[in-house]
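Student: Sequence:
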Amino acid sequence: MFTSRARGLLDFCMAVLCVWTAYHHTPAGALVRKASAWAFSTQSTARPLLAFYDGMTGTTLAAPMVAPEVSLVRALTSAEALAWGTHLALKGLDSRARAPAMALAQEHGISMATLVDPVEGPVAARKLLTGLADDFPREEARITAVFVGRVPARYALERAQAEGGALTLEALSRQLPPGFESASVGAAQALALSTAFGLAWPVSESARVTSPFGERYHPVLGTRKMHTGVDLGVPTGTVVAAVAEGVVRRASEDSVNGRVLVLDHGRGVTTAYCHNSELLVRVGEQVTRGQLIARSGNTGRSTGPHLHYQLELASRPMDPLKFRASVRTVSQDTPF
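Residue numbering for the sequence shown follows our numbering, beginning at -2 and increasing consecutively.
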């Protein structure tokens, strides 16, 4: 059907396509891109490793993010946030993926049923993490131990320390023995969730939620659509603050979101701020928690002044109110 030369060219093109796909759309490719960015001191565009696993069908270790079932009564300390993240990540895994955590829990007299209980789980998870603190002082290594086991985590930690550099979860994951790489997905989820619990609020705590997260009747399109954030009713020009330190990944304007900012807070956590009247930071800029980054407005597809605030974990929108202790009045009679 094809000449030898045409077939050779076709094979070459297919090989190039396969390499390109692997480089941009697989965990191995993400590791290569991040390693290259580190070697050449450039900014990597690779997605967090968790994004490659989260939500994939046919993979038992790829559990969806689980939000809290009970309301928080107060803001969490960093240790409590890490415990909550660990509890929720364990809750989303199947029994096989929980096996390393179960073995460690038994060492500390904790049952697996307690670890995944909606009320007792966070307390039990904190007890487990506290018990591992002497062997694994850094929380990334401690979380890794919970999800892969003590021995593989110690092996990865020692090899990562020998290589030097920051002891991030990705660095530890690269050093895990064969067969344990995918198990670190739970650890990535735990760190992402714990980071979400520690986020501040972009405007005053007294600002009303005019449209909550979830499916709603869209006021402009006239159809039911998923609302991937929360709308906060504030006047045009209201100060918008960064909810945590991070890097500006997007600072642009379009017909839907208006003037929009996207911040990357690491660990697979990003936040978006839409419909602003003015953007005060640029792409690539480092921002600090509480820093003024924009002024709210009514740009884009909007029926009145407000801020659309969106939280994503591993590229998946999550209800930011699930991670807040404060209770706000929800009103549907104000602009979206």
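Check the hints yourself; a few may be wrong.
As the list claims (entries may be wrong) - Okay, derived cross-link-like pairs now, BS3-like style, lysine-lysine, Cα gap no bigger than 25 angstroms in a straight line:
1. K319 with K222
2. K319 with K88
3. K222 with K88
4. K88 with K124
What the hints assert, rightly or not - Just the calculated beta-carbon pair ranges, DEER-fashion:
5. C10 with S201: 33 to 43 angstroms
6. E212 with T300: 38 to 48 angstroms
7. H105 with E275: 14 to 24 angstroms
8. S312 with K222: 29 to 39 angstroms
9. A12 with P134: 44 to 54 angstroms
10. T74 with A12: 45 to 55 angstroms
11. A96 with R156: 31 to 41 angstroms
12. R246 with V116: 56 to 66 angstroms
Please keep in mind that the hints were generated in silico from the structure rather than gathered at the bench.
For glycine and all other residues, C-beta sits at the position ideal for the given N, C-alpha and C.
Student: A separate judgement is required for each hint: does it hold in the structure or not?
Tutor: Evaluation of the provided hints:
{"no.": "1", "hint": "K319 with K222", "result": "holds (20 angstroms)"}
{"no.": "2", "hint": "K319 with K88", "result": "holds (16 angstroms)"}
{"no.": "3", "hint": "K222 with K88", "result": "violated (29 angstroms)"}
{"no.": "4", "hint": "K88 with K124", "result": "holds (16 angstroms)"}
{"no.": "5", "hint": "C10 with S201: 33 to 43 angstroms", "result": "violated (56 angstroms)"}
{"no.": "6", "hint": "E212 with T300: 38 to 48 angstroms", "result": "violated (18 angstroms)"}
{"no.": "7", "hint": "H105 with E275: 14 to 24 angstroms", "result": "violated (52 angstroms)"}
{"no.": "8", "hint": "S312 with K222: 29 to 39 angstroms", "result": "violated (19 angstroms)"}
{"no.": "9", "hint": "A12 with P134: 44 to 54 angstroms", "result": "holds (46 angstroms)"}
{"no.": "10", "hint": "T74 with A12: 45 to 55 angstroms", "result": "holds (52 angstroms)"}
{"no.": "11", "hint": "A96 with R156: 31 to 41 angstroms", "result": "violated (23 angstroms)"}
{"no.": "12", "hint": "R246 with V116: 56 to 66 angstroms", "result": "violated (37 angstroms)"}
In terms of the numbered hints stated before, the structure departs from hints 3, 5, 6, 7, 8, 11, 12, listed from lowest to highest.
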